[in-house]
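Colleague: With the hints as constraints, model all of the structure from the sequences given.
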Amino acid sequence: MLRYTINRVLLAIPTLIGVAVLVFFLLRVVPGDIVEIKLRGDGGSVTQETIELERKRLGLDRPLVVQFGEWMVNMAKFDFGTSMWTERPVVTEIAIRLELSLQVAIMATIIAVLLAIPMGTLAALFRDTWIDYLVRVLTIGGLSIPSFWFGMLIMLALLSFFNWLPPITFTPIYVDPVANLKQLIWPALAVGYRYCAVVARMIRSSLLEVLNEDYIRTARAKGVYERLVISRHALRNALLPAITVIGLEFTFLIGGLVVTEQVFNLNGIGQLFVQSVSRNDFTLIQGMVMLIAAFYVFVNLAIDLLYAVFDPRIRYGK
Amino acid sequence: MKITRRTALQGTAGAFALGLSGFNFDFTKAEAQAPNVKRGGTLNFAISAEAPHYDPHASDTYATLHFAAPFYSTLLRFNLSKFPSVEGDLAQSWTVAPDLMTYTFKLHPNVKFADGTAFTSADVKATYDRLRDPPQGVVSTRKPTFADIGSIETPDPLTIIFKMKAVNAAMLEHFASPWNVIYSAKDLAENPAGPRTKINGTGPFVFVEHVKGSHVAGKKNDNYFKKGMPYLDGFKGIFTLQAAAMLNAVQGGQVLGEFRGISPAERDRLVQAMGDKIRIEEDSWTLNLLVCFNVTKKPFDDVRVRKALLMAIDRWGGSVGLSKISTLRAVGGVLRPGSPYATPEAELVKLPGFSKDIKKSREEAKKLLKEAGQENLKFVLWNRNLAMPYTPAGVFLVDQWRQIGVEVEHKQSDTGPYLATMNAGNHDVAIDFSNLFMDDSSLALSKYLSLSRAPENRSRSTDPELDKLYDDHIRERDPEKRKALIRAFEKRVFEQGYQQPILWWHRIVPTHKALMGWKMSPSHNLGQQLEDVWINT
Numbered sequence: 001m002l003r004y005t006i007n008r009v010l011l012a013i014p015t016l017i018g019v020a021v022l023v024f025f026l027l028r029v030v031p032g033d034i035v036e037i038k039l040r041g042d043g044g045s046v047t048q049e050t051i052e053l054e055r056k057r058l059g060l061d062r063p064l065v066v067q068f069g070e071w072m073v074n075m076a077k078f079d080f081g082t083s084m085w086t087e088r089p090v091v092t093e094i095a096i097r098l099e100l101s102l103q104v105a106i107m108a109t110i111i112a113v114l115l116a117i118p119m120g121t122l123a124a125l126f127r128d129t130w131i132d133y134l135v136r137v138l139t140i141g142g143l144s145i146p147s148f149w150f151g152m153l154i155m156l157a158l159l160s161f162f163n164w165l166p167p168i169t170f171t172p173i174y175v176d177p178v179a180n181l182k183q184l185i186w187p188a189l190a191v192g193y194r195y196c197a198v199v200a201r202m203i204r205s206s207l208l209e210v211l212n213e214d215y216i217r218t219a220r221a222k223g224v225y226e227r228l229v230i231s232r233h234a235l236r237n238a239l240l241p242a243i244t245v246i247g248l249e250f251t252f253l254i255g256g257l258v259v260t261e262q263v264f265n266l267n268g269i270g271q272l273f274v275q276s277v278s279r280n281d282f283t284l285i286q287g288m289v290m291l292i293a294a295f296y297v298f299v300n301l302a303i304d305l306l307y308a309v310f311d312p313r314i315r316y317g318k
Numbered sequence: 319m320k321i322t323r324r325t326a327l328q329g330t331a332g333a334f335a336l337g338l339s340g341f342n343f344d345f346t347k348a349e350a351q352a353p354n355v356k357r358g359g360t361l362n363f364a365i366s367a368e369a370p371h372y373d374p375h376a377s378d379t380y381a382t383l384h385f386a387a388p389f390y391s392t393l394l395r396f397n398l399s400k401f402p403s404v405e406g407d408l409a410q411s412w413t414v415a416p417d418l419m420t421y422t423f424k425l426h427p428n429v430k431f432a433d434g435t436a437f438t439s440a441d442v443k444a445t446y447d448r449l450r451d452p453p454q455g456v457v458s459t460r461k462p463t464f465a466d467i468g469s470i471e472t473p474d475p476l477t478i479i480f481k482m483k484a485v486n487a488a489m490l491e492h493f494a495s496p497w498n499v500i501y502s503a504k505d506l507a508e509n510p511a512g513p514r515t516k517i518n519g520t521g522p523f524v525f526v527e528h529v530k531g532s533h534v535a536g537k538k539n540d541n542y543f544k545k546g547m548p549y550l551d552g553f554k555g556i557f558t559l560q561a562a563a564m565l566n567a568v569q570g571g572q573v574l575g576e577f578r579g580i581s582p583a584e585r586d587r588l589v590q591a592m593g594d595k596i597r598i599e600e601d602s603w604t605l606n607l608l609v610c611f612n613v614t615k616k617p618f619d620d621v622r623v624r625k626a627l628l629m630a631i632d633r634w635g636g637s638v639g640l641s642k643i644s645t646l647r648a649v650g651g652v653l654r655p656g657s658p659y660a661t662p663e664a665e666l667v668k669l670p671g672f673s674k675d676i677k678k679s680r681e682e683a684k685k686l687l688k689e690a691g692q693e694n695l696k697f698v699l700w701n702r703n704l705a706m707p708y709t710p711a712g713v714f715l716v717d718q719w720r721q722i723g724v725e726v727e728h729k730q731s732d733t734g735p736y737l738a739t740m741n742a743g744n745h746d747v748a749i750d751f752s753n754l755f756m757d758d759s760s761l762a763l764s765k766y767l768s769l770s771r772a773p774e775n776r777s778r779s780t781d782p783e784l785d786k787l788y789d790d791h792i793r794e795r796d797p798e799k800r801k802a803l804i805r806a807f808e809k810r811v812f813e814q815g816y817q818q819p820i821l822w823w824h825r826i827v828p829t830h831k832a833l834m835g836w837k838m839s840p841s842h843n844l845g846q847q848l849e850d851v852w853i854n855t
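If you read the sequences in order, they're chains A and B.
Per this note's numbering, the very first residue in the first sequence carries number 1; after that it's consecutive.
Per this note's numbering, the very first residue in the second sequence carries number 319; after that it's consecutive.
Since the hints were made in silico from the structure, they are not lab data.
Keep in mind that this is a model prediction, so the values were computed, not measured.
Do not rely on the hints blindly, as some may be mistaken.
[As the list claims (entries may be wrong)] Pairwise CB distance ranges, derived in the manner of DEER restraints:
| id | chain 1 | residue 1 | chain 2 | residue 2 | range |
| --- | --- | --- | --- | --- | --- |
| 1 | B | D594 | A | T171 | 28 to 38 Å |
| 2 | A | M72 | B | A507 | 34 to 44 Å |
| 3 | A | D176 | B | K356 | 24 to 34 Å |
| 4 | B | A562 | A | E87 | 23 to 33 Å |
| 5 | A | E87 | B | K483 | 31 to 41 Å |
| 6 | A | L114 | B | A562 | 28 to 38 Å |
| 7 | A | T171 | B | D433 | 52 to 62 Å |
| 8 | B | D433 | A | V73 | 52 to 62 Å |
| 9 | B | I598 | A | M72 | 50 to 60 Å |
| 10 | B | V621 | A | M72 | 53 to 63 Å |
| 11 | A | G18 | B | D717 | 40 to 50 Å |
| 12 | B | K356 | A | W130 | 57 to 67 Å |
[As the list claims (entries may be wrong)] No more than 25 Å apart at the CA atoms, straight line, and that leaves these computed lysine to any residue pairs for SDA-like:
| id | chain 1 | residue 1 | chain 2 | residue 2 |
| --- | --- | --- | --- | --- |
| 13 | B | K530 | A | L2 |
| 14 | B | K530 | A | Y174 |
| 15 | A | K182 | B | M592 |
| 16 | B | K530 | A | Q262 |
| 17 | B | K530 | A | P167 |
| 18 | B | K678 | B | E689 |
| 19 | B | K443 | B | I479 |
| 20 | B | K461 | B | A415 |
Here a beta-carbon is modelled for each residue, glycine too, at the ideal position from N, C-alpha and C.
Modeller: Here is the structure:
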């Protein structure tokens, strides 16, 4: 297991280098120039000389290979550079937003998993009964309703029925847990509903498949209690594909909540992504893409390791 | 706010008609206190865009001003209770020479910057030197405004003298411009570009933090030179980039106001939901959207094409429809309709692009396009992606031009790339804006000067005749002669069709009834120092 983990971590390095190459060079061929946007966007009279000087100061006048090499060397030292727009370290810019985005993702995951496992299991066990129909209606609703729209409904409901809205500036959970939860529970619910629908449907279909397997029939024939058949034999196996979905959805939530963030006025990674792309802030975009790529790589690794926990037949490193 | 000729003259020509001296109430000697003012509390207000940087000298957007104004002072400022007259801010008193060639300001003593250093005339000099002649790498958006300043002298730490190269009848108003905040000479000597990223002012509030993407916060400046002010303990300007989030925040009470302006539909929603808890103030706005042709690109170098496109726009009909759904409202020329020098409707309808007989106008437009060989004209309309009012204005124009057979692709972009594209001259036709802080003709007309003199002229036109008319008007002290020169300037602009106002904006500001002391004005750039604002809890 340890060797497998080390191998996977080592394999992540070429994956991340591939991502780095792609993001660096693709960004350079996209039309737009941060220096033009930064200086000419002010509306002032800026000479071409000033533009060139700024380009030089930012190191954009050097050959692409040199710029790439320097970026890679710095990244190896965990130095992600400075935002070309705000002049602040990329790590600082991301850190401000990551805390919020990560917390929303974790809370949404908790909500989704807590609801999806019982919903999916009940729907499978009571297939074609009113329980199954109810779960199916709820999950189809979750898949059909965009999270941002559900978020808007939540906000309007809070305003209409309680004349109250959650705070619109972020308070870290370690500073004031109540204020923090008051703000973030609502977006977590909005995105958690869709997330829950995806996972519940996956558990339902997976469980239905597993329940028809020979080993379930064998277990029942041996007289194992039905509760144990479901929880120990069926559900554990049915959860495997659901774990993959949970992991991928979690990673998506880190940077993919652009519109939901706008509805709740959240200062998250999604908003930062959009802003930095519109400004052609290369260093910041690169930093965020690498962060999200790293999340994907390591969440996938965690999923693979969880597989072994849920299915003892899976033995890595042998 | 209705502007009378008399009040306008108080601000402009009035300066030299009234003995050429100014006197300001000395806040440092008597504690300023409005009756029943309640002190304390933190004001949360919405800012619907985030400042790209902290330097108002280099900025054209209210986002910078609403962010930074509470931290800074200016030499003079507008008295919003008697708009457009000016009053002292850092200047305790001032005199203007009868020939308008010398302006002498006496400054308030015992003023300190937020970092504790003393404020002197050297700081004003360093600031104005930066504004009129910015060092390499520093942007001064209002550089042309101060081109007439010949020299700046500082005979003592509390006196500053501006000597002019030529008369500028509106100079006093320019000294009151909210954009010309005073920086520390020491800071500028260390790093002339420093104000982009660092705040150190003499204003009523001290900078606390800027959480990117979230908010800017300030706390009361205990050393503020106006004793007893500000009334608030602090403020938080919260960035609400989406109108829906901003409206929810106002309705839910998380913010007590949004000081730029909202649309009629948004106003109606708030009034319906909040009843008497919300205060709505309305005024015409010193802001217009323009249609702007890049005359360096074909076929927009042909005056016939430009005129045809302008003549196809039904401003009068558009005003009726757009005013219901957007902040666009009044039809006007280069000066705000209703302001003292604005062209009256009877004269305006005779100018190209303002006829009320739109059918006839469009027939003529088609004829002009045919003459120019552009019957199948297609182009890209470059626009900002702010929903209000840029999107409805863009949709409106596309429809107007479709009616004379012109096919237009509407492209919208974020503010940064939008401005950068226009400033680099990469657009065909664009929706531009003229953002004034008062009804001064020198401000309004400067946008139409030749590109070499006015970088904000995004039509990139060069017209020596317009430049001469502008110079003649700016030196002219007789209001009637000045008005005639403005009319001649406007006629020339519209006949050449480099750029032309689409519609003027209408400002609607929602504030909670608990918010007191904030004053409405025709410009969202004014009154944002927040020193006399308080919360009636």
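Colleague: Would you mind marking each hint as holding or not holding in the structure?
Modeller: Structure-based check of all given hints:
1. D594/B to T171/A: 28 to 38 Å: holds, 31 Å
2. M72/A to A507/B: 34 to 44 Å: Given a distance of about 39 Å, which is inside 34 to 44 Å, the answer is holds.
3. D176/A to K356/B: 24 to 34 Å: holds, 26 Å
4. A562/B to E87/A: 23 to 33 Å: holds, 32 Å
5. E87/A to K483/B: 31 to 41 Å: holds, 36 Å
6. L114/A to A562/B: 28 to 38 Å: holds, 30 Å
7. T171/A to D433/B: 52 to 62 Å: Once the Cβ atoms are compared, 29 Å apart, the range 52 to 62 Å for D433/B and T171/A is violated.
8. D433/B to V73/A: 52 to 62 Å: 38 Å Cβ-Cβ, so the 52 to 62 Å window is violated.
9. I598/B to M72/A: 50 to 60 Å: Holds: the Cβ-Cβ distance is about 56 Å, inside 50 to 60 Å.
10. V621/B to M72/A: 53 to 63 Å: Given a distance of about 55 Å, which is inside 53 to 63 Å, the answer is holds.
11. G18/A to D717/B: 40 to 50 Å: holds, 48 Å
12. K356/B to W130/A: 57 to 67 Å: With Cβ atoms ~59 Å apart, the hint holds.
13. K530/B to L2/A: Judged against 25 Å, a Cα distance of about 41 Å means the pair is violated.
14. K530/B to Y174/A: With Cα atoms ~20 Å apart, K530/B and Y174/A stay inside 25 Å; holds.
15. K182/A to M592/B: holds, 23 Å
16. K530/B to Q262/A: With Cα atoms ~15 Å apart, K530/B and Q262/A stay inside 25 Å; holds.
17. K530/B to P167/A: holds, 17 Å
18. K678/B to E689/B: holds, 17 Å
19. K443/B to I479/B: Between K443/B and I479/B the Cα gap is close to 9 Å, so the pair holds against 25 Å.
20. K461/B to A415/B: holds, 23 Å
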